[in-house]
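Chains as they are written, first to last, in this note's numbering: chain A, 1 to 132; chain B, 1 to 359.
Don't read these hints as lab results, they were simulated from the structure.
Take these hints with a grain of salt, some might be off.
[As the list claims (entries may be wrong)] EDC-like, lysine to aspartate or glutamate: derived pairs with alpha carbons at most 16 angstroms apart:
#	chain 1	residue 1	chain 2	residue 2
1	B	Lys112	A	Glu70
2	B	Lys112	A	Asp64
3	B	Lys179	B	Asp201
[To be verified] Under 7 angstroms between C-beta atoms, here's a sample of chain A residues computed to sit facing chain B:
#	residue
4	Val44
5	Pro53
6	Arg54
7	Ala55
8	Arg57
9	Tyr58
10	Asp71
11	Gln75
12	Ser96
13	Val100
[Unchecked claim] For each label pair, taking beta carbons as the anchor points, the in silico distance ranges come out as:
#	chain 1	residue 1	chain 2	residue 2	range
14	A	Tyr49	B	Lys256	23 to 33 angstroms
15	B	Asp254	A	Ser73	16 to 26 angstroms
16	B	Leu156	A	Glu70	18 to 28 angstroms
17	B	Gln338	A	Ser94	47 to 57 angstroms
18	A	Glu70	B	Val270	19 to 29 angstroms
19	B	Met272	A	Glu70	30 to 40 angstroms
20	B	Met272	A	Tyr49	26 to 36 angstroms
21	B	Glu7	A	Gly50	48 to 58 angstroms
Backbone N, C-alpha and C define an ideal beta-carbon position, used for all residues, glycine too.
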Amino acid sequence: MKNFFRSIFVVTMAALLVASASIPSEAARRAARSRAYDGMWSVVIYTAYGNCPRALRYSLRIYDNRVYSEDQSFQAYGAAAPSGAIRVTVAQGSQSASGVGRLSGNSGRGWWRTSTGECSGQWTAERRAANY
Amino acid sequence: MPFTAAEDAASSIPGIPDARFWADSEKDFNKALPPQPGPWLILSSGGADGAFGAGLLTGLTAAGKRPDYAVVTGVSTGALMAPFAFAGPHYVEALRKEYTNVSAADIFEAGKTGESFVDSWPLRDLIAREITPGLLTDIATEYRNGRRLFVVSTDLDAERCVVWNLGAIAAHGGDGALKLFRSVLLASASVPGGFPPVMVDVEANGTHFQEMHVDGGVCGQFFVAPAALMASTSDYRLPATQLYIVVNSGLQPDFKVIDRFAPPILTQSVGMAVKVDTRLMLDRAYVVAKRSGVEFNVATIPASFNAPSKGPFDPDYMGALFQTGYEQGRSATPFSTQPPPYPRGPALLPSHIEKTGAN
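Isolated chain B, as found in the complex (with noise of 0.2 angstroms):
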């Protein structure tokens, strides 16, 4: 059914008004947050590099590093992990098993759908068969001791990001709920082109429609706040004690010869353009924190990380990701105190060539 802007601009899910907001709404953003000020868990987007995230977060558990987060937040494949690492630490084997115990088939089937490369049910099959009543009853009552779980979703037909209150749209309970959790889930995490996109439905002003939803990680590898207050000409502090961002994917150039071919060029460019925003969201985030005197911290896949991968979601590859992150996250210096740095390749001229007519 069509729509106006206005319409989508004003739609909210039926029976559940605070499900969500506009990601560039800094009055909701702020009415969102927790009451109290605390520790924020930032899950960034990566798919099967979520398994580095995994692995981090079961680590940190075992060690008993793992703060109770004021605030969690994830985009993508940071979605699909977020319930559990907010829920607490005895969902770490739910964790485990989701980015251990998956292939490929798990995730997705080849066949073009008319709207992507391939079609995700196996994913939303596999979201429902982990996002349960049960987690949803721990979510809710972590929601109402003042938490807040939120995973972003790209609104296609707005162009706006969409922010999803979890634990609020867990608190209204209800099989409706649940539907919509994991529909959330799976939206954030539908690569527009790759997987299907997820419409969801709204209703404005008594016309009910559906809005095209698409992975969050098309409005930024991870959120931290509306772009507005993340702006370096903002003076906006973040309420936090101290930040978190978890990066779920390889910051470092990864050289392959590509194929002359459509989906390994879009492939590889995309996974490109994902290092850049990623390297350039996290150098915001560190001044905002620095801004706000909030202590910065921040875990990436080391540039050591070498395991060969025998195509998507390759299980042995994701195992020995979650094996990184689970001793990174046992270490001592689990997480870094600034971005990491940007790689210095070697120069391509000759050192004996001079600059002409410099001066």
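Just chain A, with the same shape it has in the complex (with noise of 0.2 angstroms):
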């Protein structure tokens, strides 16, 4: 269980946007597509290389393209583009760990690796439900 707490703060997605193109004169089409993630999302993080657990879900909410967590016990920041392009920082404590990925549709894959490289591997994401 200790590992468990530990490896909340290493890692998992969120947002970053990448500069994408849009249509200026569809206001409304445009912000209900920036907003095409926002929702509740699980994230598996599977560990392939070090000596972390081999894989662990966590709850994420997006909202605003931004990425929160809702559990305080740990802290999650990022940002989603339209393009689905995602970036995320989860840290607890001195830990920390940052994901890269695309999100598209209800689903997403990606990247991550611990802030001092100890860990590395794939998450891949669900989303469960839409913002509320």
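The task is to assemble the complex, starting from two chains supplied on their own in separate frames and drawing on the hints.
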């Protein structure tokens, strides 16, 4: 269990906008599209390298393109672009990890690594609920 | 909806009145037992260490040393494996998969729910995949043949333990029975505070309400019979021919430097309490078996097992523990006939210090 909570520091995803073209004249559609990934996401972190748990699952929320943790035991921050490109940092105490990847529809995948390079691997995500 | 203690005491599952009984009801327990004595299999709590019991049962099957248990009881992880242990040797592959092909991501999702530190929806979905209508049909058949499958959960509202008669539930049939069967297994394995409780729909005297159920381990790490019948002051004799207890947890002290953080402090404390409770319960079961003229057998994780774990439900750790259990099951002596001895650590005080003032 100790490793489990340590690994909470460790990873996930979030969002970074990759600059993408938009259509200025369709403000409403643009707004809807830009928040296309809002909702509650379940993210599974798979360790490929390093002495970290093989697979862990986290709940993250994306709201207005921003990534949040609703569990105060760890912090998550980042953003998702309308294109689906995403980058996230998850931290607890002095430990942190970052992930990059892409969302598409109700799923996503990418890579992650700890800030120290101790562990790395892949992540997958599924949206379990739209925003509320 | 609010309800009273009297209503909860009289509550039952709508449409399946024989689905359960209070674990402290000697009358209901005796009524639920099989018509004929036979070997009883008792499966304990233990979380990921249930891989030991799964391996042991698989090894016993491979060695042809697994009888048709007249009674199978399970608590927590023991409840999760009990249906497969009960339904017959052809379910060993499902048992192996359940304990070697899963990781923490298949059991829980990190993120507080308001009721718990993590969410157990992945375990709920796993149970739904593994507990199939076909499995319930096989369990119902065995129930009609006179065998019994019991698992325990804790009714937190009542502060009482509940024994679920899963064979009777399976025999009832239908979607409602399947849903209840799955919910009971989840409840029995829902460590309070760690996992959310499971709300169970019940009725009493025409009033419908929900009871809050949590891990059966709150009531004890395994279940043989109501506590009053297990008491040293009782003359109750177990109607069994042999008692086989599978302890899915290590009983040795496990040294680790604990972080100053609430979850690891709680985890280590509960883990230690479970070991103490398990040893006391084994001692009690041994006395009752002797009193009843019933052969006593217990299998525990060997003290020599020391595979490292990289966190909860580590597949490598569970695989190694499954293999340890499997080899023990296939061995000439898979069970001990006495509870394991208490560990004797080195004395803290130097031997040259003498007591003063004695006598």
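Status of each hint after checking the structure:
no.	hint	verdict
1	B:Lys112 to A:Glu70	holds, 8 angstroms
2	B:Lys112 to A:Asp64	violated, 22 angstroms
3	B:Lys179 to B:Asp201	holds, 11 angstroms
4	Val44	holds, 5 angstroms
5	Pro53	holds, 3 angstroms
6	Arg54	holds, 5 angstroms
7	Ala55	holds, 4 angstroms
8	Arg57	holds, 4 angstroms
9	Tyr58	holds, 5 angstroms
10	Asp71	holds, 4 angstroms
11	Gln75	violated, 13 angstroms
12	Ser96	violated, 15 angstroms
13	Val100	violated, 20 angstroms
14	A:Tyr49 to B:Lys256: 23 to 33 angstroms	holds, 25 angstroms
15	B:Asp254 to A:Ser73: 16 to 26 angstroms	holds, 24 angstroms
16	B:Leu156 to A:Glu70: 18 to 28 angstroms	holds, 25 angstroms
17	B:Gln338 to A:Ser94: 47 to 57 angstroms	holds, 49 angstroms
18	A:Glu70 to B:Val270: 19 to 29 angstroms	holds, 25 angstroms
19	B:Met272 to A:Glu70: 30 to 40 angstroms	holds, 31 angstroms
20	B:Met272 to A:Tyr49: 26 to 36 angstroms	holds, 34 angstroms
21	B:Glu7 to A:Gly50: 48 to 58 angstroms	holds, 54 angstroms
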